[in-house]
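**Q** Sequences listed follow chains A and B, in order.
In terms of the working numbering, the first sequence opens at residue 1 and continues consecutively.
In terms of the working numbering, the second sequence opens at residue 1 and continues consecutively.
Worth flagging that the hints you see were computed from the coordinates, not collected in a lab.
Think of the CB as a built atom: it goes at the ideal place given N, C-alpha and C, for glycine as much as any other residue.
Hints may be right or wrong, so weigh each one.
As a list, the in silico EDC-like pairs of lysine to aspartate or glutamate whose alpha-carbon atoms are at most 20 Å apart [stated by the list, open to error]:
no.	chain 1	residue 1	chain 2	residue 2
1	A	K59	A	E48
2	B	K45	B	E105
3	B	K39	A	D115
4	A	K59	B	D1
5	B	K42	A	E48
6	B	K39	A	E48
7	B	K103	A	D57
8	A	K5	A	E48
9	A	K13	A	D91
10	A	K45	B	E105
11	A	K45	A	D88
12	A	K66	B	D1
13	B	K107	B	E70
14	A	K13	A	D88
15	B	K103	B	D17
16	A	K73	A	D58
17	B	K103	B	E81
18	B	K42	A	D115
19	A	K77	A	D57
20	B	K45	A	E48
21	B	K107	B	D82
22	A	K66	A	E48
23	B	K39	B	E81
24	B	K103	B	D82
25	B	K45	A	D115
26	A	K45	A	D108
27	B	K45	A	E26
28	A	K73	A	D57
29	B	K39	B	D1
Okay, the calculated bits of chain B under chain A, using three or more residues with CB under 8 Å as the criterion [what the hints assert, rightly or not]:
no.	segment
30	9–17
31	60–67
32	79–91
Here are the chains, one letter per residue:
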Amino acid sequence: QITLKESGPTLVKPTQTLTLTCTFSEFSLRTTGVGVGWIRQPPGKALEWLALIFWNDDKRYSPSLKSRLTITKDTSKNQVVLTMSNMDPVDSGTYYCAHTAQRSIWGDRRCTDFDYWGQGILVTVSS
Amino acid sequence: DIQLTQSPSFLSASVGDRVTITCRASQGISSFLAWYQQKPGKAPKLLIYTASTLQSGVPSGFSGSGSGTEFTLTISSLQPEDFATYYCQHFNSYPLTFGGGTKVEIK
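With the rest of the complex left out, here is chain A (with noise of 0.2 Å):
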């Protein structure tokens, strides 16, 4: 069963860096096809994309987020790390990862969901 986990500070002050890291087991980002996202949530509002890295290393950001985002892997760890620049208090809510892979879809293969996700890491921002 693939399982995810996030961890990293629950509290980061503004104008800080946030460290988010997804461990993850029961699936590798060495397999073909195989990638993870993280998604965040601001309490009591709807569900956001911030990125998503590849088996091959392909890396896709938000574009409003991306000049605050790296998004890294390490294979050998089974961890992807997310990193956002410049905490800002509407920075606040729930960071989640998830998994997602290639499904054969009409004769390509192609990512078509999240079909794992991670239980989510509540990160408050604030003096």
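Starting from the known structure of chain A, fit chain B onto it as the hints suggest.
**A** Below, chain B without anything else, positioned relative to chain A:
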């Protein structure tokens, strides 16, 4: 960016009701749409991918349809455990986006 607009944003229904939630994309996304269910304090759970494919283990009372710009999630007979918030999300191109959510509450 592709915007996803869900309607309604809030829905009050009774156990046994048939419920339909709509997700409209600002441009065509083929069938690269997924639906998730989220309960308070929990991570989202994948229900449907590629617009109409039921994720393994999801009850058959859930179904999805649509392609292009208009999609629907239907719950054929609402069960007590189905009261939750539902989100659509596209995987057609980057950036990925989610809809604003539909909260299904008990009438």
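**Q** Are the hints correct? Go through all of them and say.
**A** Evaluated hints:
no., hint, result
1, K59/A <-> E48/A, "holds (17 Å)"
2, K45/B <-> E105/B, "holds (18 Å)"
3, K39/B <-> D115/A, "holds (16 Å)"
4, K59/A <-> D1/B, "holds (17 Å)"
5, K42/B <-> E48/A, "holds (16 Å)"
6, K39/B <-> E48/A, "holds (17 Å)"
7, K103/B <-> D57/A, "violated (36 Å)"
8, K5/A <-> E48/A, "holds (18 Å)"
9, K13/A <-> D91/A, "holds (11 Å)"
10, K45/A <-> E105/B, "holds (16 Å)"
11, K45/A <-> D88/A, "holds (17 Å)"
12, K66/A <-> D1/B, "holds (14 Å)"
13, K107/B <-> E70/B, "violated (27 Å)"
14, K13/A <-> D88/A, "holds (8 Å)"
15, K103/B <-> D17/B, "holds (15 Å)"
16, K73/A <-> D58/A, "holds (11 Å)"
17, K103/B <-> E81/B, "holds (13 Å)"
18, K42/B <-> D115/A, "holds (14 Å)"
19, K77/A <-> D57/A, "holds (15 Å)"
20, K45/B <-> E48/A, "holds (15 Å)"
21, K107/B <-> D82/B, "holds (13 Å)"
22, K66/A <-> E48/A, "holds (13 Å)"
23, K39/B <-> E81/B, "holds (9 Å)"
24, K103/B <-> D82/B, "holds (10 Å)"
25, K45/B <-> D115/A, "holds (7 Å)"
26, K45/A <-> D108/A, "violated (34 Å)"
27, K45/B <-> E26/A, "holds (18 Å)"
28, K73/A <-> D57/A, "holds (8 Å)"
29, K39/B <-> D1/B, "violated (27 Å)"
30, 9–17, "violated (count 0)"
31, 60–67, "violated (count 0)"
32, 79–91, "holds (count 3)"
Hint compliance for this structure: hints 7, 13, 26, 29, 30 and 31 are not met, and every other hint is.
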